[in-house]
Amino acid sequence: MNATNMNKNNLKSNACALAIVLAGLLVSACQSRQFHISGTITNAADSILYLENMALDGAQTVDSVKLDGEGTFSFAQDAPNAPEFYRLRIADQIINLSIDSTETVTVSARYPQMTTQYDVKGSDNCKKIQELSYLQYQLQAAVMSIVDNPSLGVKATEDSIMSVVRSYKQKVTYDYIYREPMKAYAYFALFQYITVGNSYLMLFNPQQFPEDVKIFAAVATNWDANYPESLRGQNLHNIAIEGMRDKRIIDHRNNGLVIDADKVSEINIIDIALNDNHGNARSLTELKGQVVLLDFHQFGTDYSAERIMMLRELYNKYHSRGLQIFQVAIGTEEHYWKTQTAALPWICVRDADGKASNAYLAPAPRIPCDYLINRENIVVRGANEIGDLDKEIAQLL
Numbered sequence: 038m039n040a041t042n043m044n045k046n047n048l049k050s051n052a053c054a055l056a057i058v059l060a061g062l063l064v065s066a067c068q069s070r071q072f073h074i075s076g077t078i079t080n081a082a083d084s085i086l087y088l089e090n091m092a093l094d095g096a097q098t099v100d101s102v103k104l105d106g107e108g109t110f111s112f113a114q115d116a117p118n119a120p121e122f123y124r125l126r127i128a129d130q131i132i133n134l135s136i137d138s139t140e141t142v143t144v145s146a147r148y149p150q151m152t153t154q155y156d157v158k159g160s161d162n163c164k165k166i167q168e169l170s171y172l173q174y175q176l177q178a179a180v181m182s183i184v185d186n187p188s189l190g191v192k193a194t195e196d197s198i199m200s201v202v203r204s205y206k207q208k209v210t211y212d213y214i215y216r217e218p219m220k221a222y223a224y225f226a227l228f229q230y231i232t233v234g235n236s237y238l239m240l241f242n243p244q245q246f247p248e249d250v251k252i253f254a255a256v257a258t259n260w261d262a263n264y265p266e267s268l269r270g271q272n273l274h275n276i277a278i279e280g281m282r283d284k285r286i287i288d289h290r291n292n293g294l295v296i297d298a299d300k301v302s303e304i305n306i307i308d309i310a311l312n313d314n315h316g317n318a319r320s321l322t323e324l325k326g327q328v329v330l331l332d333f334h335q336f337g338t339d340y341s342a343e344r345i346m347m348l349r350e351l352y353n354k355y356h357s358r359g360l361q362i363f364q365v366a367i368g369t370e371e372h373y374w375k376t377q378t379a380a381l382p383w384i385c386v387r388d389a390d391g392k393a394s395n396a397y398l399a400p401a402p403r404i405p406c407d408y409l410i411n412r413e414n415i416v417v418r419g420a421n422e423i424g425d426l427d428k429e430i431a432q433l434l
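The sequence shown runs 38 to 434 under my numbering.
A couple of the hints might just be wrong.
The calculated lysine-lysine pairs, modelled on DSSO-like cross-linking and capped at a C-alpha distance of 27 Å, are [claimed, not checked]:
hint, residue 1, residue 2
1, Lys208, Lys192
2, Lys103, Lys164
3, Lys164, Lys206
4, Lys192, Lys206
5, Lys158, Lys192
6, Lys354, Lys428
7, Lys428, Lys325
8, Lys392, Lys375
9, Lys325, Lys392
10, Lys325, Lys354
11, Lys103, Lys158
12, Lys375, Lys354
13, Lys164, Lys192
14, Lys354, Lys392
Derived CB-CB ranges, DEER-like [unchecked claim]:
hint, residue 1, residue 2, range
15, Tyr237, Ser320, 37 to 43 Å
16, Gln244, Asn395, 36 to 42 Å
17, Arg70, Lys208, 33 to 39 Å
18, Lys428, Ala113, 48 to 54 Å
19, Gln244, Asp425, 18 to 24 Å
20, Thr141, Phe228, 43 to 49 Å
21, Asp83, Gly337, 52 to 58 Å
22, Glu195, Ser145, 36 to 42 Å
23, Tyr237, Arg412, 45 to 51 Å
Source of the hints: derived by calculation from the structure; they are not laboratory data. Positions of the beta carbon are idealized from the N, C-alpha and C atoms, including for glycine.
Let the sequences and hints guide you as you build the complete structure.
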């Protein structure tokens with residue numbers, strides 16, 4: 038064999054070796070993007086243990102195993118790009134879990150008490166979900182006790198149930214949901230329910246309890262920022278927005294609010310010039326040519342998360358057509374303001390003492406309040422004159 042052929046053969050061999058190495062690295066990379074759930078469920082020999090994905094449209098079996106006498110099991114699945122929810126199930130006994138990425142979760146339990154008596158390691162979210170599940174179990178027991186009390190009439194039974202439900206919601210809202218609204222366990226808490234007779238009662242439900250809108254909005258805002266492409270985040274966003282619309286309709290109806298949309302008071306713009314949350318000088322006058330929603334806001338208030346959700350909906354809907362939001366934070370601590378506005382896509386400035394905004398705030402009934410500015414940089418709607426904000430923005434565009 039001559040030198041040329043030897044060199045060709047060496048090149049082929051090296052190329053094959055490189056291809057094998059690359060293939061191995063590819064397989065390894067794919068395998069590393071998995072999560073693992075393993076452990077032991079005793080006293081369940083010959084039972085079928087299911088791993089189910091709790092998708093938005095219901096439970097979907099992704100794997101299963103027939104347990105032997107020792108009860109050991111191990112599941113592996115592709116890692117999600119955003120928090121996802123799973124459960125282990127034998128018959129009607131379930132253990133709820135969440136998976137963020139490539140973690141390894143270990144579960145140990147004894148059948149048939151696995152729903153309420155299990156241990157989980159490897160995930161703080163799963164530990165919190167365990168706590169929430171146990172609290173839910175206690176609430177269900179309390180409700181059943183009320184229903185089974187023969188001394189209570191129908192009205193007293195309903196009032197007693199709602200009393201324990203309100204107490205539960207208050208605890209879960211402040212100890213879990215508001216504590217870390219971007220976490221999977223906060224999302225999990227929003228969709229807990231109990232059974233009353235033959236009916237399901239969702240514990241957090243903006244359609245039934247309008248005050249729950251701000252709780253959904255708090256979680257939705259954080260999921261919008263952290264998992265913008267997540268289907269669960271989009272679902273939360275839609276629930277929050279729909280709840281806000283329903284609440285506004287109810288509030289208007291209850292307050293007998295009638296606004297004449299034909300009333301327009303046009304005044305020349307009074308400029309506001311402040312630094313934004315990135316340190317850049319911004320002003321209202323620089324936005325001539327765009328329709329501007331001038332929003333005065335106080336971060337950290339009860340309404341804040343709900344209002345941000347409403348503004349995000351308007352921005353997403355109309356920004357490409359020429360809408361800009363100029364948001365002025367009033368009296369908010371600087372570091373907190375920067376943290377809260379870091380993920381917002383519109384202009385965010387801060388007026389610490391309110392002096393720069395005084396001309397607008399003096400006639401305003403309260404904060405939050407809005408002004409609408411047309412493309413000619415003229416204020417066309419004052420704080421007391423805006424009816425259907427969505428409709429009036431569309432008309433200006």
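Here's how the hints hold up against the structure:
1. Between lysine 208 and lysine 192, the direct Cα distance comes to roughly 25 Å. Compliance with the 27 Å bound is thereby established for this hinted pair.
2. Distance restraint check for lysine 103 and lysine 164: the Cα-Cα separation of roughly 26 Å lies within the 27 Å cut-off, and the hinted pair is therefore satisfied.
3. For the suggested pair lysine 164 and lysine 206, the alpha carbons sit about 19 Å apart, so the restraint of at most 27 Å is met.
4. Annotation: proposed proximity of lysine 192 to lysine 206 holds, straight-line Cα distance about 21 Å (limit 27 Å).
5. Restraint check: the Cα-Cα separation between lysine 158 and lysine 192 comes to about 44 Å, which exceeds 27 Å; the hinted pair is violated.
6. Between lysine 354 and lysine 428, the direct Cα distance comes to roughly 12 Å. Compliance with the 27 Å bound is thereby established for this hinted pair.
7. Our distance criterion of 27 Å between C-alpha atoms is met by lysine 428 and lysine 325, whose separation comes to about 21 Å.
8. A distance of roughly 20 Å separates the Cα atoms of lysine 392 and lysine 375; the hinted pair therefore holds under the 27 Å criterion.
9. For the hint linking lysine 325 to lysine 392, the alpha-carbon distance of about 23 Å falls within 27 Å, and the restraint holds.
10. Of the pairs offered as hints, the one joining lysine 325 and lysine 354 holds, with about 20 Å between alpha carbons and a cut-off of 27 Å not exceeded.
11. For the hint linking lysine 103 to lysine 158, the alpha-carbon distance of about 23 Å falls within 27 Å, and the restraint holds.
12. For the hint pairing lysine 375 with lysine 354, the CA-to-CA distance comes to about 25 Å; that is within 27 Å, so the pair holds.
13. This hinted pair does not check out: lysine 164 and lysine 192 have alpha carbons roughly 37 Å apart, beyond 27 Å.
14. About 32 Å separates the Cα atoms of lysine 354 and lysine 392, which puts this hinted pair outside 27 Å; it is violated.
15. At about 53 Å, the beta-carbon gap between tyrosine 237 and serine 320 misses the expected band of 37 to 43 Å.
16. A beta carbon spacing of about 40 Å between glutamine 244 and asparagine 395 agrees with the range 36 to 42 Å that was offered as a hint.
17. Evaluation of the 33 to 39 Å hint for arginine 70 and lysine 208 yields a pass: the beta carbon distance comes to about 37 Å.
18. Take lysine 428 and alanine 113: their Cβ atoms lie about 52 Å apart, and the range 48 to 54 Å holds.
19. A C-beta distance of roughly 21 Å is found between glutamine 244 and aspartate 425, which places it inside the suggested range of 18 to 24 Å.
20. Between threonine 141 and phenylalanine 228 the C-beta distance comes to about 25 Å, which lies outside the given range of 43 to 49 Å.
21. Aspartate 83 and glycine 337 have their C-beta atoms about 56 Å apart, which keeps the hinted 52 to 58 Å range intact.
22. The hinted range of 36 to 42 Å is satisfied by glutamate 195 and serine 145, whose Cβ atoms lie roughly 40 Å apart.
23. Between tyrosine 237 and arginine 412 the Cβ separation comes to about 50 Å, which falls inside the hinted range of 45 to 51 Å.
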